[in-house]
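Colleague: Sequence:
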Amino acid sequence: VLSNSIKKELAILQPEHLLFSYHGVPERHIKKSDITKSHCKIDNSCCNTPSEAHKFCYRHQCYETTKLVAKQLNLEENTFSTSFQSRLGRDPWLQPYTDQTIDKFAKNGIKNIAVVTPAFVSDCLETLEEIGMEAKHSFIKNGGKHFATIPCLNDSDDWAKTIAKWINNWNLKS
Numbered sequence: 163v164l165s166n167s168i169k170k171e172l173a174i175l176q177p178e179h180l181l182f183s184y185h186g187v188p189e190r191h192i193k194k195s196d197i198t199k200s201h202c203k204i205d206n207s208c209c210n211t212p213s214e215a216h217k218f219c220y221r222h223q224c225y226e227t228t229k230l231v232a233k234q235l236n237l238e239e240n241t242f243s244t245s246f247q248s249r250l251g252r253d254p255w256l257q258p259y260t261d262q263t264i265d266k267f268a269k270n271g272i273k274n275i276a277v278v279t280p281a282f283v284s285d286c287l288e289t290l291e292e293i294g295m296e297a298k299h300s301f302i303k304n305g306g307k308h309f310a311t312i313p314c315l316n317d318s319d320d321w322a323k324t325i326a327k328w329i330n331n332w333n334l335k336s
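The sequence shown begins at 163 in the numbering used here and counts up by one.
Rather than coming from a laboratory, the hints here were simulated on the basis of the structure. Any given hint could be a false lead.
Within a straight-line C-alpha distance of at most 25 Å, the following computed DSS-like cross-link-like pairs (lysine-lysine) qualify [as the list claims (entries may be wrong)]:
hint: 1; residue 1: K169; residue 2: K335
hint: 2; residue 1: K269; residue 2: K327
hint: 3; residue 1: K193; residue 2: K203
hint: 4; residue 1: K170; residue 2: K229
hint: 5; residue 1: K266; residue 2: K303
hint: 6; residue 1: K169; residue 2: K199
hint: 7; residue 1: K233; residue 2: K169
hint: 8; residue 1: K170; residue 2: K269
hint: 9; residue 1: K323; residue 2: K169
hint: 10; residue 1: K269; residue 2: K323
hint: 11; residue 1: K193; residue 2: K217
hint: 12; residue 1: K217; residue 2: K170
hint: 13; residue 1: K273; residue 2: K217
Label-pair restraints from in silico Cβ distances [to be verified]:
hint: 14; residue 1: Q257; residue 2: K170; range: 29 to 39 Å
hint: 15; residue 1: R190; residue 2: N210; range: 19 to 29 Å
hint: 16; residue 1: N236; residue 2: D320; range: 39 to 49 Å
hint: 17; residue 1: N331; residue 2: G271; range: 24 to 34 Å
hint: 18; residue 1: K199; residue 2: Q223; range: 25 to 35 Å
hint: 19; residue 1: E296; residue 2: I174; range: 17 to 27 Å
hint: 20; residue 1: K233; residue 2: D320; range: 38 to 48 Å
hint: 21; residue 1: S200; residue 2: T227; range: 16 to 26 Å
hint: 22; residue 1: I197; residue 2: G251; range: 38 to 48 Å
hint: 23; residue 1: G271; residue 2: L334; range: 46 to 56 Å
Given the structure is predicted, the values throughout are model-derived calculations rather than measurements. Ideal Cβ placement from N, Cα and C applies to all residues, glycine included.
Given these sequences and hints, build the entire structure.
Modeller: Laid out in structure tokens, this is it:
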């Protein structure tokens with residue numbers, strides 16, 4: 163469902179780069195969720211090394227989602243990336259940060275980007291204002307030309323059918 167919704171938008175938008183922006187969490191939460199208590203390093207080495215810890219690792223699951231969706235969409239290696247948004251407080255949060263990533267794209271000459279927020283199933287303050295308004299403004303201010311947000315699944319028919327299927331499957335197991 164997610165891949166199909168993105169595919170429809172990409173056909174229209176044709177961005178140079180697709181950014182998958184996930185809701186961030188403090189790094190300490192990721193380390194606490196490491197059931198092995200030794201696997202998580204908060205860098206790509208741990209996410210790329212097979213481990214039982216991946217079952218509960220939000221960071222790994224975000225990167226894995228990006229990888230699987232990019233594969234379904236036949237995206238080329240350097241045309242997509244992953245970042246994390248909505249950080250609060252002074253603790254270090256998952257990186258790279260979406261706002262800094264978007265600014266860097268514009269400063270490095272990328273003129274046309276699209277941002278998808280797969281961790282959000284419905285549009286909300288973080289998708290509409292933080293990405294759709296603030297990030298867009300910053301991208302344009304730093305030299306970008308075209309900034310688009312790919313809508314969340316919201317009330318799409320495909321998403322509603324998927325949820326109904328999950329509920330029916332769950333009810334059959336109960």
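Colleague: Now look at each hint and say whether the structure bears it out.
Modeller: Results of checking the hints against the structure:
no.: 1; hint: K169 - K335; verdict: 33 Å, violated
no.: 2; hint: K269 - K327; verdict: 44 Å, violated
no.: 3; hint: K193 - K203; verdict: 8 Å, holds
no.: 4; hint: K170 - K229; verdict: 18 Å, holds
no.: 5; hint: K266 - K303; verdict: 12 Å, holds
no.: 6; hint: K169 - K199; verdict: 38 Å, violated
no.: 7; hint: K233 - K169; verdict: 12 Å, holds
no.: 8; hint: K170 - K269; verdict: 28 Å, violated
no.: 9; hint: K323 - K169; verdict: 18 Å, holds
no.: 10; hint: K269 - K323; verdict: 41 Å, violated
no.: 11; hint: K193 - K217; verdict: 13 Å, holds
no.: 12; hint: K217 - K170; verdict: 30 Å, violated
no.: 13; hint: K273 - K217; verdict: 37 Å, violated
no.: 14; hint: Q257 - K170: 29 to 39 Å; verdict: 30 Å, holds
no.: 15; hint: R190 - N210: 19 to 29 Å; verdict: 22 Å, holds
no.: 16; hint: N236 - D320: 39 to 49 Å; verdict: 19 Å, violated
no.: 17; hint: N331 - G271: 24 to 34 Å; verdict: 47 Å, violated
no.: 18; hint: K199 - Q223: 25 to 35 Å; verdict: 19 Å, violated
no.: 19; hint: E296 - I174: 17 to 27 Å; verdict: 23 Å, holds
no.: 20; hint: K233 - D320: 38 to 48 Å; verdict: 19 Å, violated
no.: 21; hint: S200 - T227: 16 to 26 Å; verdict: 24 Å, holds
no.: 22; hint: I197 - G251: 38 to 48 Å; verdict: 26 Å, violated
no.: 23; hint: G271 - L334: 46 to 56 Å; verdict: 53 Å, holds
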